Amino acid sequence: MNRSLGLAALCIIAPFLPASAQTPRQPGTTWTDEQLLKAVAPVRAGRKLTPRTWPNGARVAVSITFDDDNESYLLAAGDTSPTTLSAAEYGAKTGLPRILRLFDKYQLPSTFFIPAVSALLHPEMIPAIMKSGRHEIGVHGWIHEFPPATGSAAEEERLMNKAIEYLTAQTGKRPVGYRAPAWAFSPHTLGLVRKAGFLYESSLQSMDEPYEIVSNGEPTGLVELGIDWTLTETPYLGRSGALPSPQQLFQLFREEFDGAYAERTMFVLTLHPHVVGHRAPMKHLEQLILYMKSKPGVWFATTEQIARYVKEQAGMK
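Per the working numbering, the very first residue in the sequence shown carries number 281; after that it's consecutive.
Note that these hints are calculated values from the structure, not bench results. Some hints here could point you the wrong way.
Straight line, CA to CA, 16 Å or less: simulated EDC-like cross-link-like pairs of lysine to aspartate or glutamate [stated by the list, open to error]:
| id | residue 1 | residue 2 |
| --- | --- | --- |
| 1 | 328 | 543 |
| 2 | 597 | 535 |
| 3 | 475 | 536 |
| 4 | 573 | 536 |
| 5 | 475 | 445 |
| 6 | 597 | 492 |
| 7 | 575 | 543 |
| 8 | 591 | 489 |
| 9 | 575 | 535 |
| 10 | 575 | 538 |
| 11 | 373 | 404 |
| 12 | 328 | 488 |
Owing to the predicted nature of the structure, the values given are computational and were not obtained by experimental measurement.
Could you put together the complete structure from these sequences and hints?
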């Protein structure tokens, strides 16, 4: 990873790290072997699920996904400033229409992970996404709540179910994919995702290829389509971003795609309409799409399509 990109990312995410990561206190240094193993056991990466071949002999699966947060994350924190809300509203009013026009131009599918409150505030959003029949809608919380801060399994489940019910009512189809708000798991999240019956999850970062989540040593049957801070734009192009131009970031995305192409695995990009939807980033997104389309054997898919395919190929029930 480019050093400047790495430092920029660290500066952005440092405030969100747990207190123990920012202070000298290190309780883990005194834990026994058994305590260390127990601490990591609830959510781990299991077997790789990259198939021997992708559909129609493709050598890489590509899913360009969007987290349509818009104003939801601000409202979750109680921020009602018209200035900050307007910057987030840009995602629904300007960014999303630009994205949909671009994807219509190249007839590409995408997955949109939507906090239900975003759809509540912008009722035109889901019909616009669904119009082409190519796109998928996944769950991204009720109001982009921070799962570790919900306080209890019951409250986290209430919000998750509320989001599922709202999106199901709006789309006519129960969502099969889950991406945690802020990509953050609480100790209860995995169990709730499994209980809700999701086909796949897309918040973890253990591998850059599909894998099965393991919990306390047991396979869960849940497909993980991982994400990564190197494959999203917000830390670099958002309000606190440290890059002078999106060109450098999209060069990183291109090189990550080249790696996935060489390895015959998967490339999942996570973008945000209120950030990438501005004019300059959209120019570079189109260039990235054209570059990927110029390569033979690229399968553009929704994350649902990828999850169903790898699960079938692996013989998972």
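Okay, the hints, checked on the actual structure:
Of the supplied pair hints, the one linking residue 328 and residue 543 holds, its CA atoms being roughly 13 Å apart against a limit of 16 Å. At most 16 Å may separate the alpha-carbon atoms for a hinted pair to count; residue 597 and residue 535 exceed this at roughly 35 Å. A distance of roughly 34 Å separates the Cα atoms of residue 475 and residue 536; the hinted pair therefore is violated under the 16 Å criterion. Note on residue 573 and residue 536: the hinted pairing holds, with a Cα-Cα distance of about 15 Å set against a maximum of 16 Å.
For the given pair, residue 475 sits about 15 Å from residue 445 by alpha-carbon distance, which is consistent with the 16 Å threshold. Taking the CA atoms of residue 597 and residue 492, the gap is near 12 Å; set against the 16 Å cutoff, the hint holds. Between the alpha carbons of residue 575 and residue 543 the distance comes to roughly 14 Å, so the proposed pair stays at or under 16 Å and holds. Of the pairs offered as hints, the one joining residue 591 and residue 489 holds, with about 13 Å between alpha carbons and a cut-off of 16 Å not exceeded.
Distance hint between residue 575 and residue 535 is fulfilled; the C-alpha atoms sit about 13 Å from each other, no more than 16 Å. Taking the CA atoms of residue 575 and residue 538, the gap is about 10 Å. The hint holds against a cut of 16 Å. Of the supplied pair hints, the one linking residue 373 and residue 404 holds, its CA atoms being roughly 10 Å apart against a limit of 16 Å. Annotation: proposed proximity of residue 328 to residue 488 holds, straight-line Cα distance about 10 Å (limit 16 Å).
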